[in-house]
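Chemist: Residue-level listing of the chains:
There are 2 protein chains.
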Amino acid sequence: MRALAFRDHLEFSQNYPPPQPSFGEALIRVSMAGICNTDLEITKGYMGFSGVLGHEFVGTVEQINAPDCSLVGKRVVGEINCPPVDWSGPSSHAPGRCVLGISGRNGAFADYCTLPVRNLHPVSDLIPSRRAVFVEPLAAALRILDDIHIKPSHRIVVLGDGKLGQLCARVLRRAGCDIILAGKYPEKLALSVSLGINTCLSDEIEEIADYDVVVEATGSVSGFKQALRLLRPQGTLILKSTLADTASLNLALVVVNEIRVIGNRCGPFAPALRLLTEPDMHLEQLITSEYPLEDGVVAMQTAASNESLKVLLHMEE
Amino acid sequence: MRALAFRDHLEFSQNYPPPQPSFGEALIRVSMAGICNTDLEITKGYMGFSGVLGHEFVGTVEQINAPDCSLVGKRVVGEINCPPVDWSGPSSHAPGRCVLGISGRNGAFADYCTLPVRNLHPVSDLIPSRRAVFVEPLAAALRILDDIHIKPSHRIVVLGDGKLGQLCARVLRRAGCDIILAGKYPEKLALSVSLGINTCLSDEIEEIADYDVVVEATGSVSGFKQALRLLRPQGTLILKSTLADTASLNLALVVVNEIRVIGNRCGPFAPALRLLTEPDMHLEQLITSEYPLEDGVVAMQTAASNESLKVLLHMEE
Chain A
1 MRALAFRDHL EFSQNYPPPQ PSFGEALIRV SMAGICNTDL EITKGYMGFS
51 GVLGHEFVGT VEQINAPDCS LVGKRVVGEI NCPPVDWSGP SSHAPGRCVL
101 GISGRNGAFA DYCTLPVRNL HPVSDLIPSR RAVFVEPLAA ALRILDDIHI
151 KPSHRIVVLG DGKLGQLCAR VLRRAGCDII LAGKYPEKLA LSVSLGINTC
201 LSDEIEEIAD YDVVVEATGS VSGFKQALRL LRPQGTLILK STLADTASLN
251 LALVVVNEIR VIGNRCGPFA PALRLLTEPD MHLEQLITSE YPLEDGVVAM
301 QTAASNESLK VLLHMEE
Chain B
1 MRALAFRDHL EFSQNYPPPQ PSFGEALIRV SMAGICNTDL EITKGYMGFS
51 GVLGHEFVGT VEQINAPDCS LVGKRVVGEI NCPPVDWSGP SSHAPGRCVL
101 GISGRNGAFA DYCTLPVRNL HPVSDLIPSR RAVFVEPLAA ALRILDDIHI
151 KPSHRIVVLG DGKLGQLCAR VLRRAGCDII LAGKYPEKLA LSVSLGINTC
201 LSDEIEEIAD YDVVVEATGS VSGFKQALRL LRPQGTLILK STLADTASLN
251 LALVVVNEIR VIGNRCGPFA PALRLLTEPD MHLEQLITSE YPLEDGVVAM
301 QTAASNESLK VLLHMEE
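Chains A and B, in that order, give the protein sequences.
Reading the first sequence from the start, the letters are residues 1 to 317 in the numbering used here.
Reading the second sequence from the start, the letters are residues 1 to 317 in the numbering used here.
Please note: incorrect hints may appear among the correct ones.
Claimed, not checked - Keeping only pairs whose Cα atoms sit at most 27 Å apart, straight-line, the calculated DSSO-like set for lysine-lysine is:
| id | chain 1 | residue 1 | chain 2 | residue 2 |
| --- | --- | --- | --- | --- |
| 1 | A | K44 | B | K225 |
| 2 | B | K44 | B | K74 |
| 3 | B | K225 | A | K151 |
| 4 | A | K151 | A | K44 |
| 5 | B | K184 | A | K225 |
What the hints assert, rightly or not - To give an idea of the interface, some chain B residues facing chain A are shown, with a C-beta separation under 7 Å as derived from the structure:
| id | residue |
| --- | --- |
| 6 | T246 |
| 7 | V255 |
| 8 | G263 |
Since the hints were made in silico from the structure, they are not lab data.
Computed from a predicted model, the values in this text were never measured in an experiment.
Beta carbons: idealized from backbone N, C-alpha and C, even for Gly.
Could you build the full structure based on these sequences and the hints that come with them?
Modeler: As structure tokens, then:
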């Protein structure tokens with residue numbers, strides 16, 4: 001099959017061995033996939049992963065290795081964490097888990113991927129694939145609301161006008177709170193302005209240490225440092241970025257101001273699927289370019305540029 | 001008056017100008033004070049403070065500049081944060097606050113200090129001063145229980161066998177949880193062993209990522225890193241150390257494991273005063289040396305050595 005894989009370097013292959021579904025798993029023909037910052041970080045060494053990249057996808061179930069084959073032929077999205085079969089806790093934290101395209105399991109930048117059947121969610125015919133492909137990062141944004149109590153009276157800054165920051169701002173404003181999306185790129189901020197979300201340039205935000213919550217979605221350590229300066233005492237910093245780099249930090253302000261730093265990652269698919277049908281989400285607006293899978297190397301370069309938001313890969317003509 | 005002050009370097013002075021109580025404040029004759037790691041950090045540049053050090057003390061109110069003089073002649077301890085008079089929030093986070101011996105107000109390593117009357121707590125005659133002098137760090141340990149819900153079923157590691165770690169272990173085990181105090185110094189760990197607290201050497205603790213809560217009280221960045229390796233996914237890291245240094249850190253594990261990092265500082269005096277009378281606290285056991293105020297420079301050097309736990313300064317003969 002065709003696949004975009006990373007091993008020391010990123011390479012498109014015409015003849016990658018297709019995955020075989022184990023018992024309980026489905027073989028999925030991928031139709032579309034989204035490039036995430038985590039994919040870019042992996043190519044810098046994050047997670048030490050080698051193999052087919054990609055964990056945001058829409059596809060059609062082609063085969064199921066299990067008694068219940070009711071999902072065959074259905075269009076699906078899939079949760080990316082694959083715990084051992086006997087694990088009963090949250091799948092995103094199962095010891096020894098595989099993670100689609102991130103750890104121990106080839107991903108979705110290919111003609112085929114496999115996932116446990118229980119990871120799959122059928123997609124309503126009302127939702128086009130170009131929107132459904134956002135379900136995984138949208139779930140990650142929703143994880144904030146599952147994890148901490150965001151109040152309508154909260155004052156919140158989302159730092160980072162990239163894909164994840166834009167999704168977090170869209171999700172958080174549904175809670176009714178006073179929210180500002182801060183970023184570096186006026187043309188990206190303009191997308192949120194068009195939805196009625198307040199925005200400002202990161203280096204123009206007044207650092208008066210009185211925000212209740214700051215979401216760090218810049219993907220850079222400078223965002224962490226700025227977040228600490230923006231938060232009121234006893235405020236909450238939501239860390240969303242996973243970075244391969246280490247950086248010089250002083251945590252004294254976390255203690256002195258009694259900040260709560262909440263690391264926060266994968267989220268719930270069911271509410272994300274519900275949000276896909278909401279009129280205020282405007283997810284397709286975040287797509288800045290689309291490539292056939294063959295051009296995956298170029299697509300990844302494009303995704304890494306400051307001008308890009310979501311870059312899609314298409315597996316079908 | 002006599003005073004131990006820091007300005008570029010630490011110096012004992014026989015003729016330091018005594019403080020004058022402003023309206024609403026008390027003049028306190030200090031009888032005894034404890035050296036805290038924060039005092040040591042200040043001499044390395046933390047907080048940029050110059051002036052008389054010291055914020056852990058017991059003393060006697062000598063004069064009050066306010067209508068209600070009922071505390072004159074009483075033995076007292078004092079909360080260290082001094083907010084502006086019109087501030088109604090938590091005193092430890094008031095903007096523009098002074099902090100005794102740490103920021104904007106001379107401290108208690110002197111014959112006299114001043115504090116707002118509302119900061120003072122009379123000490124029961126049942127409590128000797130050598131125990132009462134622990135009330136401020138004991139309150140800091142209790143702050144953990146005020147800040148997060150510690151459950152009897154929690155498995156907890158306290159990293160750091162210094163003063164603060166020892167106090168945290170004593171306080172947390174009262175919650176009924178399974179607790180291990182991990183440190184570098186067998187003779188310090190032995191103090192907790194004698195109270196029935198489980199201990200181990202930090203580099204012998206099995207790093208199996210399954211503790212619910214880790215309290216970082218080592219005062220070093222290596223403690224932060226080890227804490228991240230010890231915590232189960234979605235576990236809680238209580239940060240107690242305030243460090244002057246910046247250090248190289250990678251926060252990816254905070255996100256991947258969805259760790260909650262809770263910065264945590266000054267605590268409540270009223271429950272700390274109640275705990276002073278409890279038979280399981282054995283606070284005087286933590287005193288490793290005592291000096292007259294004149295020998296304050298040597299006392300600070302002693303406090304900085306690995307062998308020391310609490311070092312006291314005596315102002316009275």
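Chemist: Going back to the hint list, which numbers does this structure go against?
Modeler: Hints 2, 3, 4, 5 not satisfied by this model.
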